[in-house]
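Trainee: Protein chains in written order, with our numbering: chain A, 1 to 82; chain B, 1 to 336.
It should be emphasised that the hints constitute simulated quantities derived from the structure, not laboratory data.
Mixed in with the good hints there might be a few duds.
Said to hold, decoys possible - Which residues of chain B face chain A? A partial, calculated answer using Cβ under 10 Å: (1) Gly7; (2) Arg20; (3) Ala63.
Claimed, not checked - Derived DEER-like restraints, expressed as beta-carbon distance ranges: (4) B:Glu288 <-> A:Ile18: 27 to 33 Å; (5) A:Val21 <-> B:Ala326: 35 to 41 Å; (6) B:Ile334 <-> A:Val11: 39 to 45 Å; (7) A:Val21 <-> B:Ser244: 28 to 34 Å; (8) A:Ile18 <-> B:Ala326: 35 to 41 Å; (9) B:Ser241 <-> A:Ala6: 22 to 28 Å; (10) A:Val21 <-> B:Glu288: 47 to 53 Å; (11) B:Gly65 <-> A:Val21: 48 to 54 Å; (12) A:Ile18 <-> B:Gly319: 45 to 51 Å; (13) B:Arg315 <-> A:Val21: 35 to 41 Å; (14) B:Pro154 <-> A:Ala22: 49 to 55 Å; (15) A:Gly16 <-> B:Arg238: 41 to 47 Å.
These figures come from a predicted structure and were not determined experimentally.
For glycine and all other residues, C-beta sits at the position ideal for the given N, C-alpha and C.
One-letter residues, chain by chain:
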Amino acid sequence: MAKKGAWVDIVLKTGGVIAFVAVLGALKQAPLPTQQVSAASQQTYQVQPSSAANYDNSLNGYYQYQSANSYANPRGFQTRAS
Amino acid sequence: MSKEVIGLSFHSMDTLVEVRAIADRHSEEFKAALQQTPQWFAQVEDSVSRFKPGTELSQVNQANGGTFAVSPIFLTLMEQSLQAARHTGGIFNPTIVDCLVNSGYKKSFGAISGKSSGRKILSVHQPVAESQNRLLTDCEAIKVDVEQGTVTLPPEVGLDFGGIAKGWAVDQCLTNLLALGKDAEICVNAGGDLRLYLPKGGEAWQIDIQNPFDLTKDLAVACLQAGAVATSSVLKRRWWSGGSYKHHIIDPRTGQPSESNIVAATVIGPTAMEAEVWSKTLCILGVEEGFALLDRQTGWAALSILNNGQIIINRQMEGITSVTDASFAMAVHIAG
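Chain B on its own, in the form it takes in the complex (with noise of 0.2 Å):
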């Protein structure tokens, strides 16, 4: 079978999209298929994003509580959200978008603004304990109805998808993908999260880690047959308010930016929407605690990188990456 490289990139969810298939030359099929993802994208994203007037997620936001019919997209992401929150202890919190508002982020990046949710928010000077109950609470309070399709939200509980929707679009998109061309070879890549597919035989899929504090570099890289990639910083999507530098990752403990020993981290794992879960929980919880709870999970492999420039992975990154920056060194986390 003769096999060709083909590709598709455009811009959704804000950020860069590419797809790229080694794929049967003659797939028409194949081909039909794969130019069909930005519409895929498209309507995630306009079901999800905060930053659209129209969007599903918009309209709940600015109800101030109460039951919804969603969309089976927006119905999955709200049940994949709450089992990620469960699995990481409510550190991954859907709940968190009065703190990005809050913080600046109230709009797409690109165009922040000063002006107001319009919602109660958490006050800065909020104890930490209160604000932490508060954010926990409000996921619990969150109740899903897959047989009606409805979503029930509380007053003043308002939701962000932010990373979770993109990682979810990558994945689906992969297996649409796979299901006409199961031969082919599949990378799916949403800014940097990414789904890959390799047949049995293939030659490896090779992913650069960026150098987080010089993004025109690399700093490591891994090598895959299959599975998905996800990074997350704190030193992306920064911005000046209040006289001090905000982040997007939020640490629903303080409500405020997080402020751990890891500035940047990468995780490998079967799937994209959990290793943008785990990659950002990481970035929360910092090393010791961060690495503890991810290595309670099982096949999770990490890359950490923390703010004096070392590098720390977990015992499932050995042998898949190396540094490919002499100026770092690289550690393995030992439990415990």
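Here chain A stands alone, though its shape is the one from the complex (with noise of 0.2 Å):
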């Protein structure tokens, strides 16, 4: 019986640490403190599709808009890092 409650003492211990590990763990992967956002429900302006026509980098010194240019809104940049 002594050996049987070894076992158990020493399965009970191991089970233990492997639970202590996983939430550890869990803790470690919680997401952050965020709210889902409901699509674009809130947007007050109308939003033209993406599009990389809005802005031309190839455009170089003055210029004059027409509306023949290859980009479709004057109103249209990109933010980007630099």
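The two chains are supplied separately, each in an independent frame; assemble them into the complex guided by the hints.
Mentor: What follows is the structure in structure tokens.
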């Protein structure tokens, strides 16, 4: 019986360690306190589809916008790291 | 009043600058001012570029401390940089130039070489607390005398105005143009750091936010009447050095390129200069600490892209922005 008791003790201790490690892992990967955004329902302005045509980095020098210009939206720009 | 879209684009401050206006067709004065904008950017660059040998900044950095009579541009940027350092608890830091050089960012980006700055640099093995203390102390030790027009630096302290100079140049450019065309819609864009103006009743500016993982695509869009937008990313201006990739956003607490969970941050607020400061600060601090600090300020909207691809925005960003690439999930950060 003493032998069986020792095995039970080992199993319980091992299980305890595994559970402890699992809890630590779960805590480490806990999601950030965030709230999902509901689509673009709160959009204030009409948004055109995102398109590289909204900005044209090949432009150089002074220019006057013409309707035939390659970029569709004169109010369209892109923010990016540079 | 008949309006037309006019613009000007040119290379300056190591980036592409574009000024676009929807303005009175007959305002020759405004058009003349628009054509002067390259000179303005060149003036700022000639004062505070650390890559051009003859600039004021280069001379100050080579002198190893002392008191310098500087131009109004330099003086203003020095003051603004120190103020930004105070607001961000030293996370934005104009004295990290040695850390940049130590990491390999010695020349304008395209021309990085292996030459040394010749000045004392922070050791990569220096304890974090010691590095932080030195950098914060360096900031506090800089003296600005506005009346005399001088800046005093302690020995072994160098300066880099970097993005803050670009943002400030953008802000000043828009202010100058506005003085001549209050009815004009104006956007000044320096490599993705923008300042916008719209008269009452105008149609909003649409600002696409670049996907930092795929630079040929955008992932979100923001619509603005006015204000400024700036983006920083640790995936841009990277280079291979010492067996690993380095980037230009230095964490002053370690003296090393930042390693937070944010890979890119876009900030919207009143000025391009401050938006630049906060986008960089978010990249350094990461989403929890960064948003907590930013949300203690007023009027700043932020969008961050984490290294796992998730987009996190703050409350102020709600209603301004929406995701345009369905492969990205966006969530709102809740303070605390």
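Trainee: Checked against the structure, which of the hints given earlier come out wrong?
Mentor: Violated hints (numbers, rising): 3, 9 and 10; every other hint is consistent with the structure.
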